[in-house]
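With chain A fixed as given, assemble chain B onto it according to the hints.
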Amino acid sequence: MVKLGGMHIKKIMIVDDLPEVTYTVKYGLEKLNPDYCVTRVESGEKCLELLNKNELPDLILLDIMMPDMNGWELAKMLKKNIQWRKIPIVFLTATEDETSKITGKLIGDDFVEKPFDVPTLMEKIEQILVKKSK
Amino acid sequence: MKINFSISLKLTLLVVFISAIIIFSLTYINIKQQTEFFEDAYYEKASSLTKALDASIQNTIFLNDQQRLQGYIENFSLLNQDIIKLSVNLPEEDELVVFVSTDKNTINTTSGEFNDISYSKGANIYIPHHDENRHTLTMLSPVNLSGNIFGTYEMVLSMDIAYNALDKQMRNLILISAISLFIMIFSFLYMLRKSIVKPIIAFRNASKVIGEGNLNQIIEIKSRDEIGELADAFNNMTVDLKNSRNRIEKYNKTLEKLLSQKDEFIGQLGHDLKNPLTPFIGLLPIITEQEKDPNLKEHLKLLTNNAEYMRDLIFKTLELAKLRSSNIKFDIEKLDLKEEIDKVLTRQQSFFKENKIIVDNLVNDNIIVNADKLRLGELLNNLVSNAVKYTPKENGLVTIDAVNEKDLIIVSVKDNGIGMTKEQLSHVFDEFYRADKSMREGESTGLGLSIAKRIVEKHGGKIWVDSPGKGKGTTFYFSLKNEFGKNK
Numbered sequence: 000m001v002k003l004g005g006m007h008i009k010k011i012m013i014v015d016d017l018p019e020v021t022y023t024v025k026y027g028l029e030k031l032n033p034d035y036c037v038t039r040v041e042s043g044e045k046c047l048e049l050l051n052k053n054e055l056p057d058l059i060l061l062d063i064m065m066p067d068m069n070g071w072e073l074a075k076m077l078k079k080n081i082q083w084r085k086i087p088i089v090f091l092t093a094t095e096d097e098t099s100k101i102t103g104k105l106i107g108d109d110f111v112e113k114p115f116d117v118p119t120l121m122e123k124i125e126q127i128l129v130k131k132s133k
Numbered sequence: 000m001k002i003n004f005s006i007s008l009k010l011t012l013l014v015v016f017i018s019a020i021i022i023f024s025l026t027y028i029n030i031k032q033q034t035e036f037f038e039d040a041y042y043e044k045a046s047s048l049t050k051a052l053d054a055s056i057q058n059t060i061f062l063n064d065q066q067r068l069q070g071y072i073e074n075f076s077l078l079n080q081d082i083i084k085l086s087v088n089l090p091e092e093d094e095l096v097v098f099v100s101t102d103k104n105t106i107n108t109t110s111g112e113f114n115d116i117s118y119s120k121g122a123n124i125y126i127p128h129h130d131e132n133r134h135t136l137t138m139l140s141p142v143n144l145s146g147n148i149f150g151t152y153e154m155v156l157s158m159d160i161a162y163n164a165l166d167k168q169m170r171n172l173i174l175i176s177a178i179s180l181f182i183m184i185f186s187f188l189y190m191l192r193k194s195i196v197k198p199i200i201a202f203r204n205a206s207k208v209i210g211e212g213n214l215n216q217i218i219e220i221k222s223r224d225e226i227g228e229l230a231d232a233f234n235n236m237t238v239d240l241k242n243s244r245n246r247i248e249k250y251n252k253t254l255e256k257l258l259s260q261k262d263e264f265i266g267q268l269g270h271d272l273k274n275p276l277t278p279f280i281g282l283l284p285i286i287t288e289q290e291k292d293p294n295l296k297e298h299l300k301l302l303t304n305n306a307e308y309m310r311d312l313i314f315k316t317l318e319l320a321k322l323r324s325s326n327i328k329f330d331i332e333k334l335d336l337k338e339e340i341d342k343v344l345t346r347q348q349s350f351f352k353e354n355k356i357i358v359d360n361l362v363n364d365n366i367i368v369n370a371d372k373l374r375l376g377e378l379l380n381n382l383v384s385n386a387v388k389y390t391p392k393e394n395g396l397v398t399i400d401a402v403n404e405k406d407l408i409i410v411s412v413k414d415n416g417i418g419m420t421k422e423q424l425s426h427v428f429d430e431f432y433r434a435d436k437s438m439r440e441g442e443s444t445g446l447g448l449s450i451a452k453r454i455v456e457k458h459g460g461k462i463w464v465d466s467p468g469k470g471k472g473t474t475f476y477f478s479l480k481n482e483f484g485k486n487k
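Chains as they are written, first to last, in numbering that gives the first Met the number 0: chain A, 0 to 133; chain B, 0 to 487.
Keep in mind that the hints were calculated from the coordinates and are not lab data.
Keep in mind it's a predicted model, so treat the numbers as computed, not measured.
Each residue gets a CB set at the ideal place from its N, CA and C atoms; glycine is no exception.
Take a look, some chain B residues computed to stay more than 10 angstroms from chain A by CB distance:
no., residue
1, Leu68
2, Lys291
3, Lys315
4, Leu319
5, Glu332
6, Ile366
7, Ser384
8, Glu430
9, Arg433
10, Leu446
When the alpha-carbon atoms are kept at most 25 angstroms apart in a straight line, the in silico DSS-like pairs for lysine-lysine are as follows:
no., chain 1, residue 1, chain 2, residue 2
11, B, Lys413, B, Lys480
12, B, Lys291, A, Lys30
13, B, Lys261, A, Lys100
14, A, Lys123, B, Lys342
15, B, Lys300, A, Lys25
16, B, Lys296, A, Lys25
17, B, Lys372, A, Lys100
18, A, Lys100, B, Lys457
19, B, Lys328, A, Lys100
20, B, Lys372, A, Lys104
21, B, Lys461, B, Lys321
22, A, Lys100, B, Lys342
23, B, Lys315, A, Lys100
Only chain A is shown next, with the shape it has when bound in the complex (with noise of 0.2 angstroms):
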């Protein structure tokens, strides 16, 4: 976490390919909470190539069912790198079947499922939030 100005910046990317739920995120989050930062990311691809950059959030809110990559494949990738492998990973679902519930909390930390209130969503977040930093 940056802090700036006595603040803990909250940095959470935010991959979904549907702009409704991106923008529900960063504006529900950031409304609740002005010390979020949230950015948008509508692919997999373009996850990557911002984590490439060196850009590393806090906390990666993953949509599963996603065009070309989708979020079991971009998980596996991202813990497969030392870098980003201690990234928490909150994954977004649609399907409510006990299999993706289950390796959601394998391979990531938490599960939520859509449609989602953003208190509760923030709720998860930090929870993982101060575990992390322990």
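Relative to the frame of chain A, chain B by itself:
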């Protein structure tokens, strides 16, 4: 083998009875005819013997030469072995007196009165006599001397030879009848077994196999009789059944495919609806919270409620589709019913307070059910919130109770709310059905009870509802296996 035994026994008894009647009556008629024939023959013999005697001794009678008469009679008797007794009775002062006889002891003959009749009428009289040891024929005939009757001859013939032969014949006949009766019974039983009992067993076995679902079973009976025709009809029926079952299976497969396509479609639709709903669910509460204008705030609240209702609808539709699919797995464990109910009630405490309704958990301690924890919670939650929704705010009371019946636990959720008519009771588990049409759509999805039904059925239990009528409250019941009951 019970039916086999009884059919054979019944028919055999009938056949034995009829055959015995026929055979023994035929034997009886035969013997009766033989007897008559014998007696006729002896009559003939007796009368011809008398004629011969008459012709040879007339002269001696006429001369009243007793000594010669005696000699004649004795000689005559010796010539005919059948003659037991022969006597000539002549009248003496209005009485018949035996003058000459082969049997010296018999002076007064047993047939005295018949002697008189024969004498007075001048006719032959035959008296057959049968007892245990002897068969005799006594013949009385007049002594006729040139038209005048002088006395009577009494001749007793033994019929023993003939009757002994007849007895022997009768014994043979009965023996032959009995043997033929036995042969008849055995051949009848054999025929019965071959042509009726065996086919019946074949039919029974085939029906059993077919009943178990093997429609390839064919009965191989080639006989050209009613049984053969029955077998043909039976085989045709089996083939028809097989064809129609194949058709039904084909339809079934198509239906299953369509059903799974429908579920897939619902799943896809639900998934696709969730993404566009995210901004509403995610942002509307925040915007509503921050809005200062009370009018606008009211509008935003309406939008939020509707968005949440839509989310409920999507979740419940997907839940129903999931419960319908065959590959859903339940995590069955032993659960304390009272504890599980308390958990659900605690979660809904604020909802009950808001509705001013008292919810009582009357379930006894230590009632254990075999169920999936999450699904049981969902089931109880649906039933309790349904009861609360349809119970008025004044003196509203919902009670939950459970009874143990054999290997089942029957749970009841009772309210003193608006009650239901028979028509409503029959539809209450239908999807999207709302008993109270006036209830605003935003308050109920109409899917909660359908989900409850699916959950109970997937646990192998039953759910039902009872209401004494409008305004008299409603009770929902469901059954679950207790710790001793086996789930599938």
